[in-house]
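Novice: So the chains spell out like this:
Protein chains: 2
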Amino acid sequence: MPKETFEEMREKMLASAKQGIKSAYSSEEYALIQAMNAYLETTKSMNLMYERLTEWYGIYFPEIRMTSPKSLASLAVIMTGKDADQARIADAIGDEGKAKSVYEKAMSTIGREMTDNERKALIRFAEMTNDTISALEELEVYIKYAATKLMPNATYLTDEKIAAELLSKAGSLERLATMPASTVQLLGAEKALFKHIKFGSKPPKYGVLFKFPAIGSAGREMRGRIARAYATKLCTALKADYFTKKFIADQLKKTLDETVERIRASPPKPKPQAGQQERRFDRRRPQGHEGRQMGHGRQGRDRQRPRRRFN
Amino acid sequence: MPKETFEEMREKMLASAKQGIKSAYSSEEYALIQAMNAYLETTKSMNLMYERLTEWYGIYFPEIRMTSPKSLASLAVIMTGKDADQARIADAIGDEGKAKSVYEKAMSTIGREMTDNERKALIRFAEMTNDTISALEELEVYIKYAATKLMPNATYLTDEKIAAELLSKAGSLERLATMPASTVQLLGAEKALFKHIKFGSKPPKYGVLFKFPAIGSAGREMRGRIARAYATKLCTALKADYFTKKFIADQLKKTLDETVERIRASPPKPKPQAGQQERRFDRRRPQGHEGRQMGHGRQGRDRQRPRRRFN
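Residue numbers (our numbering), protein chains in the order written: chain A, 1 to 311; chain B, 1 to 311.
Simulated from the structure, these hints should not be mistaken for lab results. One or more of the hints may lead you astray.
[As the list claims (entries may be wrong)] Here are the simulated lysine-lysine pairs, PhoX-like style, with alpha carbons at most 20 Å apart:
#1 A:K269 with A:K254
#2 A:K22 with B:K105
#3 A:K82 with B:K22
Predicted model, so just to flag it, every value in this text is computed and none were measured.
Pulled out of the complex, with its shape left as it was, chain A reads as follows (with noise of 0.2 Å):
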């Protein structure tokens, strides 16, 4: 065999490489993360212009309120003076009954008459909040396509868009399938969780799961036994997505459903007593942190060791 030269080599190792990396790429697990992370990340900013548009079109219609940011957007770009007519205000926020006594409103508003220039900058601030709201519509149907084909299983058992951001938060399939169930439970709920191993406070129930109505809706003494079984669930169901890819989901969810009846038909836990609490609270306290529990350490030596005033 002849040896093959030192470029030949560097080639082929690039070569493959390139491969590798393209390889890793092959899912399209990664494509479904950029759209959930772009779809929650929009969520927000779409909340911060209705928030906005709320205010400055308050100033020309100070008596109108709208509960839907769409309709909002909609009326904002048809009606910015008294020349609206009642149809096209029906058109906008698809409503008849609303739209006459909006349009009364708007007649005998104490408002702000506007000057054309407003009225324009208005109208591309309602319109740019407008185009958001369909963007995120047609995100979400991606995300429901894509969750559906690559999580069939964790998508029966929760929905489409928990099982994307469960999926989003562990960063891949694979880490996500291999977690364990109190993982899953709690991821989503990384603050409150550093929360509680560095002060102590409460430990969190349910993170990203809260979302789920059947979690978060549920009474409050049981709703973290409720993502508890659900998360023990969404493990198996992950774990089928990601290796067996057979669906499984309607057996589970037949167990889970059982499961879930027995907690709500069980009678909540006695609470655990004040001197039994202050024991757990103390032995889960990590040792390493004093420095940034505000002089808590200084004041534990303190009552430990009395001051001996007259020796």
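With the hints as your guide, set chain B onto chain A.
Specialist: Okay, now just chain B, sitting in the frame of chain A:
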């Protein structure tokens, strides 16, 4: 004169209250404040979108670096695979020379290949980013127009966006025009100011004014003094804008330029010695907030009253 009935009086009162509200918003400054706040918030949102787009697009074309949000978004809209041609790329980023290198990089990319659904989602997000950028540009046009109209003097001394931001921080032109120069100088530096008052950190030297190139890019040693000179003249300019509505900014600008020239020519004052600094710091520290100083008070007391071990 016939006595008015209660009903008639009530009607009159209501009408007068409505008129009062209407006249309170009769100045265009409120629209300018809203537009400026919208501009500032949307700039933040746009930066988030740009960062996210860089990361998302980077999965497909990791080799491509774009420093302008607009070029990146335009590129992401037209080039989502290997089908793009050089002319369209040049059209999108507006740079023939760079288009060639971008095209070559795209042809030999090691990034992921897009599926149709990913393409749709990414293009939609890029379009939204593009729309946000163009809305910002149009908001800026309005801000420049309205700021020049309402505050010709202040705008002449600094620029339209600085004047508008000062106005939005103050809340109304009347309040801004009647503020002392030291307050105008620190508008926008509230956080640093209160940190100084509460915890004795270094006092801030400028707020919004730092964004003005003549102040922000001056030498460290003279920035504070230049900011003070600007704030003083701005105060006079704002009073002219609000009260007399005469244009006096050209004279103000001449005096201001002379002052700034003098500051630039003069050597910086010698720094106070360590001992003096300590004294000033102590005098300024307030007395009533020891609880917030993280054990500072206790340490101080311990130092003053040493523990007597042997009686």
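Novice: The structure should be examined with respect to each hint, and the outcome stated for every one.
Specialist: Right, here's what the structure says about each hint:
1. A:K269 with A:K254: 25 Å, violated
2. A:K22 with B:K105: Given pair K22 (chain A), K105 (chain B) holds - Cα atoms ~15 Å apart, limit 20 Å.
3. A:K82 with B:K22: 15 Å, holds
Of the numbered hints given earlier, the model fails hint 1 alone.
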